[in-house]
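Visitor: These protein sequence lines are chains A and B, in that order.
The first sequence begins at 118 in the numbering used here and counts up by one.
The second sequence begins at 118 in the numbering used here and counts up by one.
To be clear, the hints were calculated from the coordinates, so they are not data collected in a lab.
A couple of the hints might just be wrong.
When chains are identical, the list treats them as one kind, so a pair holds in a single copy or across two.
Restricting the straight-line Cα-Cα distance to at most 25 angstroms, the calculated cross-link-like pairs of lysine to aspartate or glutamate (DMTMM-like) are [what the hints assert, rightly or not]:
| hint | residue 1 | residue 2 |
| --- | --- | --- |
| 1 | 468 | 608 |
| 2 | 491 | 481 |
| 3 | 566 | 352 |
| 4 | 305 | 406 |
| 5 | 305 | 636 |
| 6 | 491 | 174 |
| 7 | 305 | 650 |
| 8 | 423 | 150 |
| 9 | 305 | 594 |
| 10 | 305 | 615 |
| 11 | 468 | 177 |
| 12 | 566 | 132 |
| 13 | 566 | 415 |
| 14 | 305 | 632 |
| 15 | 423 | 597 |
| 16 | 566 | 302 |
| 17 | 423 | 366 |
| 18 | 566 | 636 |
In this text the structure is predicted, and so the values were computed from the model without any measurement.
Number of protein chains: 2
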Amino acid sequence: MSKLNDLLQPARAGEALAAMAAVVGAAWLASDDATLERYARSTAARPTVPLAVVRPDNADEVAQLVAIASSHGLAVYPLSTGKNWGNGDACAVGAGQVILDLSRMNRIVLVDPELAYAVIEPGVTQAQLSTWLRERGLPLWADCTGAGPDTSYVGNIMERGFGHSPYGNRLQHVAGMEIVLASGELLKTGFGHYRNARTAHLFPYGVGPFLDGLFTQSNMGIVTRLGIWLMPQVECVNHFLCSVPRHGDIAAVVDALRPLRLDGTLRSILHIGNDLRVLSGGGVFPRAEVPAGARLPEALRGAMCKAAGVAPWTVSGALYGTGAQVAAARAAVRRALRGTAARPTFVTERKLRIGAMLARACGDSGIGRQLRAKVALGESLFAMNRGTPSGRFLAGAYWRRRGGLPQGFPAGADPARDNCGLLWVSPVLPMRGADLLAVHDLAQTVFWKHGFDLFATFSMVNERALGGVLTVAYDKDDLEETARARACHDELFQRVLEAGYIPYRAGNHSMAQLDPGGDTYWRTVARIKAALDPAGILAPGRYEPGAS
Amino acid sequence: MSKLNDLLQPARAGEALAAMAAVVGAAWLASDDATLERYARSTAARPTVPLAVVRPDNADEVAQLVAIASSHGLAVYPLSTGKNWGNGDACAVGAGQVILDLSRMNRIVLVDPELAYAVIEPGVTQAQLSTWLRERGLPLWADCTGAGPDTSYVGNIMERGFGHSPYGNRLQHVAGMEIVLASGELLKTGFGHYRNARTAHLFPYGVGPFLDGLFTQSNMGIVTRLGIWLMPQVECVNHFLCSVPRHGDIAAVVDALRPLRLDGTLRSILHIGNDLRVLSGGGVFPRAEVPAGARLPEALRGAMCKAAGVAPWTVSGALYGTGAQVAAARAAVRRALRGTAARPTFVTERKLRIGAMLARACGDSGIGRQLRAKVALGESLFAMNRGTPSGRFLAGAYWRRRGGLPQGFPAGADPARDNCGLLWVSPVLPMRGADLLAVHDLAQTVFWKHGFDLFATFSMVNERALGGVLTVAYDKDDLEETARARACHDELFQRVLEAGYIPYRAGNHSMAQLDPGGDTYWRTVARIKAALDPAGILAPGRYEPGAS
Numbered sequence: 118m119s120k121l122n123d124l125l126q127p128a129r130a131g132e133a134l135a136a137m138a139a140v141v142g143a144a145w146l147a148s149d150d151a152t153l154e155r156y157a158r159s160t161a162a163r164p165t166v167p168l169a170v171v172r173p174d175n176a177d178e179v180a181q182l183v184a185i186a187s188s189h190g191l192a193v194y195p196l197s198t199g200k201n202w203g204n205g206d207a208c209a210v211g212a213g214q215v216i217l218d219l220s221r222m223n224r225i226v227l228v229d230p231e232l233a234y235a236v237i238e239p240g241v242t243q244a245q246l247s248t249w250l251r252e253r254g255l256p257l258w259a260d261c262t263g264a265g266p267d268t269s270y271v272g273n274i275m276e277r278g279f280g281h282s283p284y285g286n287r288l289q290h291v292a293g294m295e296i297v298l299a300s301g302e303l304l305k306t307g308f309g310h311y312r313n314a315r316t317a318h319l320f321p322y323g324v325g326p327f328l329d330g331l332f333t334q335s336n337m338g339i340v341t342r343l344g345i346w347l348m349p350q351v352e353c354v355n356h357f358l359c360s361v362p363r364h365g366d367i368a369a370v371v372d373a374l375r376p377l378r379l380d381g382t383l384r385s386i387l388h389i390g391n392d393l394r395v396l397s398g399g400g401v402f403p404r405a406e407v408p409a410g411a412r413l414p415e416a417l418r419g420a421m422c423k424a425a426g427v428a429p430w431t432v433s434g435a436l437y438g439t440g441a442q443v444a445a446a447r448a449a450v451r452r453a454l455r456g457t458a459a460r461p462t463f464v465t466e467r468k469l470r471i472g473a474m475l476a477r478a479c480g481d482s483g484i485g486r487q488l489r490a491k492v493a494l495g496e497s498l499f500a501m502n503r504g505t506p507s508g509r510f511l512a513g514a515y516w517r518r519r520g521g522l523p524q525g526f527p528a529g530a531d532p533a534r535d536n537c538g539l540l541w542v543s544p545v546l547p548m549r550g551a552d553l554l555a556v557h558d559l560a561q562t563v564f565w566k567h568g569f570d571l572f573a574t575f576s577m578v579n580e581r582a583l584g585g586v587l588t589v590a591y592d593k594d595d596l597e598e599t600a601r602a603r604a605c606h607d608e609l610f611q612r613v614l615e616a617g618y619i620p621y622r623a624g625n626h627s628m629a630q631l632d633p634g635g636d637t638y639w640r641t642v643a644r645i646k647a648a649l650d651p652a653g654i655l656a657p658g659r660y661e662p663g664a665s
Numbered sequence: 118m119s120k121l122n123d124l125l126q127p128a129r130a131g132e133a134l135a136a137m138a139a140v141v142g143a144a145w146l147a148s149d150d151a152t153l154e155r156y157a158r159s160t161a162a163r164p165t166v167p168l169a170v171v172r173p174d175n176a177d178e179v180a181q182l183v184a185i186a187s188s189h190g191l192a193v194y195p196l197s198t199g200k201n202w203g204n205g206d207a208c209a210v211g212a213g214q215v216i217l218d219l220s221r222m223n224r225i226v227l228v229d230p231e232l233a234y235a236v237i238e239p240g241v242t243q244a245q246l247s248t249w250l251r252e253r254g255l256p257l258w259a260d261c262t263g264a265g266p267d268t269s270y271v272g273n274i275m276e277r278g279f280g281h282s283p284y285g286n287r288l289q290h291v292a293g294m295e296i297v298l299a300s301g302e303l304l305k306t307g308f309g310h311y312r313n314a315r316t317a318h319l320f321p322y323g324v325g326p327f328l329d330g331l332f333t334q335s336n337m338g339i340v341t342r343l344g345i346w347l348m349p350q351v352e353c354v355n356h357f358l359c360s361v362p363r364h365g366d367i368a369a370v371v372d373a374l375r376p377l378r379l380d381g382t383l384r385s386i387l388h389i390g391n392d393l394r395v396l397s398g399g400g401v402f403p404r405a406e407v408p409a410g411a412r413l414p415e416a417l418r419g420a421m422c423k424a425a426g427v428a429p430w431t432v433s434g435a436l437y438g439t440g441a442q443v444a445a446a447r448a449a450v451r452r453a454l455r456g457t458a459a460r461p462t463f464v465t466e467r468k469l470r471i472g473a474m475l476a477r478a479c480g481d482s483g484i485g486r487q488l489r490a491k492v493a494l495g496e497s498l499f500a501m502n503r504g505t506p507s508g509r510f511l512a513g514a515y516w517r518r519r520g521g522l523p524q525g526f527p528a529g530a531d532p533a534r535d536n537c538g539l540l541w542v543s544p545v546l547p548m549r550g551a552d553l554l555a556v557h558d559l560a561q562t563v564f565w566k567h568g569f570d571l572f573a574t575f576s577m578v579n580e581r582a583l584g585g586v587l588t589v590a591y592d593k594d595d596l597e598e599t600a601r602a603r604a605c606h607d608e609l610f611q612r613v614l615e616a617g618y619i620p621y622r623a624g625n626h627s628m629a630q631l632d633p634g635g636d637t638y639w640r641t642v643a644r645i646k647a648a649l650d651p652a653g654i655l656a657p658g659r660y661e662p663g664a665s
């Protein structure tokens with residue numbers, strides 16, 4: 118843990134904070150207990166209490182704050198909207214750092230409808246950009262994740278998150294960053310640093326070393342603006358869902374779909390979820406029917422799946438194009454799955470309308486409820502494919518929360534505020550059925566050993582790899598369960614690392630585990646960090662195993 | 118210009134070379150005049166004579182050579198196969214450096230047919246990989262450029278070159294590099310530095326800062342191996358060609374095709390070439406009919422175009438997929454172009470066969486020759502779309518060469534050896550017709566001022582930008598013309614820079630122009646360079662404006 122700020126004399130810290138308040142205005146710097154407590158809330162149950170929270174309005178203020186931090190040897194920790202659920206939320210890696218909350222910087226600086234891109238600040242949320250485009254009738258969609266409407270694009274991109282659409286490999290759809298360095302200088306990547314540059318946000322590489330990647334999953338600078346590419350609306354979207362009736366059959370399905378992902382027939386990011394992942398999106402843990410602290414009994418799990426019509430695995434993805442293109446893709450998917458146990462269903466807008474009508478006609482019968490749930494899910498998926506984020510996919514975070522989903526969910530859902538317990542491990546694996554089963558089995562063994570149900574999603578994050586999301590949902594009001602959840606997470610993190618299925622992302626609690634020791638990669642990163650931030654004031658410990 | 122090696126005492130240099138020879142074996146180090154002269158040949162007429170050429174066999178030897186260079190303060194300049202035509206060829210930026218020629222390191226380390234990738238060394242050429250795949254009957258294609266069969270993938274990727282196929286944005290299809298650093302350490306990027314990593318070449322980002330971009334267009338390290346993704350063969354490829362009958366009409370064509378590139382209907386890289394670009398691919402400058410040193414008279418240019426059936430602009434690209442997918446794309450292209458002056462022709466294998474038959478039937482008539490030339494072009498394009506490189510697209514480099522194309526062309530074509538004069542400027546512009554015309558006009562003004570014909574290609578390098586390639590072909594046997602060519606190039610480079618159409622790549626002769634001065638980007642690059650290569654021994658001056 119960085120001890121930078123711990124070593125600061127209180128008087129020096131006070132001086133620095135006063136200088137920072139003078140930059141942003143007193144209203145935008147807080148160090149009262151209520152604020153500090155709010156920022157320290159973490160789904161990961163590893164709260165780090167900051168020294169203060171400061172909320173700049175623009176890059177120039179950020180630069181001034183960094184200069185003050187630098188001259189006082191004070192660590193600052195930037196966050197966009199602080200919704201890094203399960204990986205640290207709004208917490209710094211180390212305690213006592215000054216949180217630079219960039220959420221006030223939420224300008225949509227420009228949108229070019231012809232060339233289909235936007236320039237945005239870190240505070241811009243999924244809902245905000247989506248609404249902005251819709252209200253102006255622009256035929257563009259932004260990629261969405263299931264992390265909820267109020268999450269930041271920049272924050273997610275800096276963590277190299279992925280979404281659902283053909284633009285789901287988000288970092289590949291970014292061009293031109295503006296970054297405040299520890300020196301206080303403003304770095305523009307790509308062509309942006311040239312006067313009059315006409316393609317600052319159209320061609321990411323620029324000329325000379327391509328630096329963007331260096332600022333993702335790192336603590337090398339503070340991104341204050343970036344160009345994000347938007348997807349032109351297409352004539353036709355079909356969502357496709359595919360139930361896999363037996364656990365082991367998913368392997369053949371992955372192998373059958375891989376060629377379609379490889380050859381570009383499937384351009385969006387397919388998600389393959391296990392039964393609990395789907396169940397947890399439509400309900401909460403049946404606490405009353407299960408002994409305290411226990412996981413879901415197999416019989417009850419089976420009954421719940423049966424009642425909801427949920428198979429052991431569900432494949433979910435979308436096809437985009439003209440009517441003819443989507444029809445061609447649909448035929449290719451059907452052909453590919455012919456020899457497998459899976460049968461795809463293609464959800465169209467028409468089907469959704471008919472389904473909704475039928476569900477209403479069936480009233481409150483079992484089949485009516487099941488149909489209604491499916492229609493609601495279909496509508497959310499459809500909306501998300503077309504750039505309208507939904508909070509409903511956050512439901513999984515509430516699975517073991519006492520009291521279940523809050524009133525009005527998903528509006529305003531905030532797992533950290535709502536005291537949800539959530540941790541996850543995200544191994545990357547070759548896009549092969551055998552690897553999926555191997556990682557699933559490894560994870561299930563670890564989860565069961567620690568008494569947890571395994572929520573598993575494997576997403577086709579690119580044409581050759583699956584990104585796993587293996588979630589521990591736990592009851593944060595139960596201290597024993599919380600400790601078990603952490604032990605489960607840590608053991609799985611270590612096990613996938615050893616097995617060569619390295620996580621694509623790490624929570625604040627895992628940074629130290631990233632360097633097995635004596636690793637040239639991490640030594641190189643440390644050298645670059647020392648060159649760009651010699652005093653180590655920017656987010657010490659963030660993707661910096663040696664300092665965390 | 119780096120003076121590193123100039124300052125070396127001859128005795129120290131001799132000592133270093135002796136130590137290097139001991140590493141690679143005496144046969145693989147040369148400093149005789151013939152060798153030095155061969156490496157100093159440059160299409161860009163800016164030869165830099167090296168101190169010696171050393172040819173290591175593997176990364177371990179590279180590391181040892183770097184250690185020797187480091188301890189002696191000797192600059193080394195790595196190259197893959199040294200075919201960076203028009204941008205420096207096999208020359209270092211500065212004279213007196215030791216060329217590290219990596220062409221012996223030409224192992225295809227592995228090919229995974231299921232996950233469609235290869236791991237290759239710098240010496241692997243386009244022809245080598247293509248042949249390897251074909252001979253083993255693997256249903257995979259590697260992206261090709263028109264730079265010829267003997268060019269290196271790694272070399273081109275490090276320069277961020279682009280090809281033609283859906284994998285033509287080459288850097289996006291690379292995962293996992295191995296890099297010898299100035300410290301002699303071997304850095305593995307992505308997940309490759311973790312023991313047992315299963316996705317070292319399947320997921321480029323890894324975890325932590327994503328470093329790959331830092332090593333492209335830079336002098337931060339020596340890439341000795343990388344993972345390159347291969348394209349699965351598809352059922353159907355159609356090449357599409359589109360003649361644009363009047364110069365100004367190209368603008369509307371670009372604007373009509375942009376939405377198809379944006380929405381993924383056109384997944385490969387379209388190339389838009391002017392008449393001279395197409396003419397120069399099928400013949401040489403009619404030297405006998407033109408006054409010495411003059412450019413092509415307009416009337417003659419018109420007559421040549423008419424004889425060859427070449428329009429002011431030709432759009433060329435390929436559609437990939439199943440039969441149904443290609444048919445859907447074809448319909449979309451036809452629909453998009455309906456309101457423009459352009460009519461697309463779709464070249465299929467069947468049409469090529471019939472065309473070849475007809476051409477034979479027409480014998481040596483004018484129409485027969487024209488048809489034969491078109492069939493030959495179509496066949497080369499088709500082969501290239503499917504991963505078989507052709508040397509014929511190098512013909513442009515020979516345009517003004519005395520003696521024209523060498524015997525047996527394109528076999529063994531080597532513009533540097535053959536004393537071709539070639540320089541090019543590669544501005545990136547927004548994918549808009551108006552920008553294409555603006556850059557074309559700007560370039561033509563400069564070219565005509567200096568007495569040169571403009572060879573122009575604009576390629577849809579991604580979904581939003583055009584990469585221009587504006588070539589000065591000149592007679593290197595004519596000193597006055599050579600000086601004019603350089604002046605023309607330099608003026609155009611400066612003009613596009615000022616106009617905000619920044620080049621995506623620079624030749625050895627343009628490195629110093631890249632930094633307008635006081636630029637945070639270049640200052641940041643210099644800081645990173647100093648951290649990774651404090652003695653500045655790796656390729657001083659390469660994308661290092663301050664040192665060149």
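Visitor: State for each hint whether it applies.
Guide: Taking the hints in turn, this is what the structure says about them:
no.: 1; hint: 468 with 608; in the structure: neither (44 angstroms within a copy, 61 angstroms between copies)
no.: 2; hint: 491 with 481; in the structure: within (14 angstroms within a copy, 69 angstroms between copies)
no.: 3; hint: 566 with 352; in the structure: neither (49 angstroms within a copy, 48 angstroms between copies)
no.: 4; hint: 305 with 406; in the structure: neither (57 angstroms within a copy, 51 angstroms between copies)
no.: 5; hint: 305 with 636; in the structure: between (30 angstroms within a copy, 9 angstroms between copies)
no.: 6; hint: 491 with 174; in the structure: neither (43 angstroms within a copy, 61 angstroms between copies)
no.: 7; hint: 305 with 650; in the structure: both (17 angstroms within a copy, 23 angstroms between copies)
no.: 8; hint: 423 with 150; in the structure: neither (48 angstroms within a copy, 81 angstroms between copies)
no.: 9; hint: 305 with 594; in the structure: neither (45 angstroms within a copy, 43 angstroms between copies)
no.: 10; hint: 305 with 615; in the structure: between (38 angstroms within a copy, 17 angstroms between copies)
no.: 11; hint: 468 with 177; in the structure: neither (51 angstroms within a copy, 61 angstroms between copies)
no.: 12; hint: 566 with 132; in the structure: neither (50 angstroms within a copy, 63 angstroms between copies)
no.: 13; hint: 566 with 415; in the structure: within (15 angstroms within a copy, 82 angstroms between copies)
no.: 14; hint: 305 with 632; in the structure: between (30 angstroms within a copy, 13 angstroms between copies)
no.: 15; hint: 423 with 597; in the structure: neither (32 angstroms within a copy, 84 angstroms between copies)
no.: 16; hint: 566 with 302; in the structure: neither (50 angstroms within a copy, 41 angstroms between copies)
no.: 17; hint: 423 with 366; in the structure: within (18 angstroms within a copy, 62 angstroms between copies)
no.: 18; hint: 566 with 636; in the structure: neither (31 angstroms within a copy, 56 angstroms between copies)
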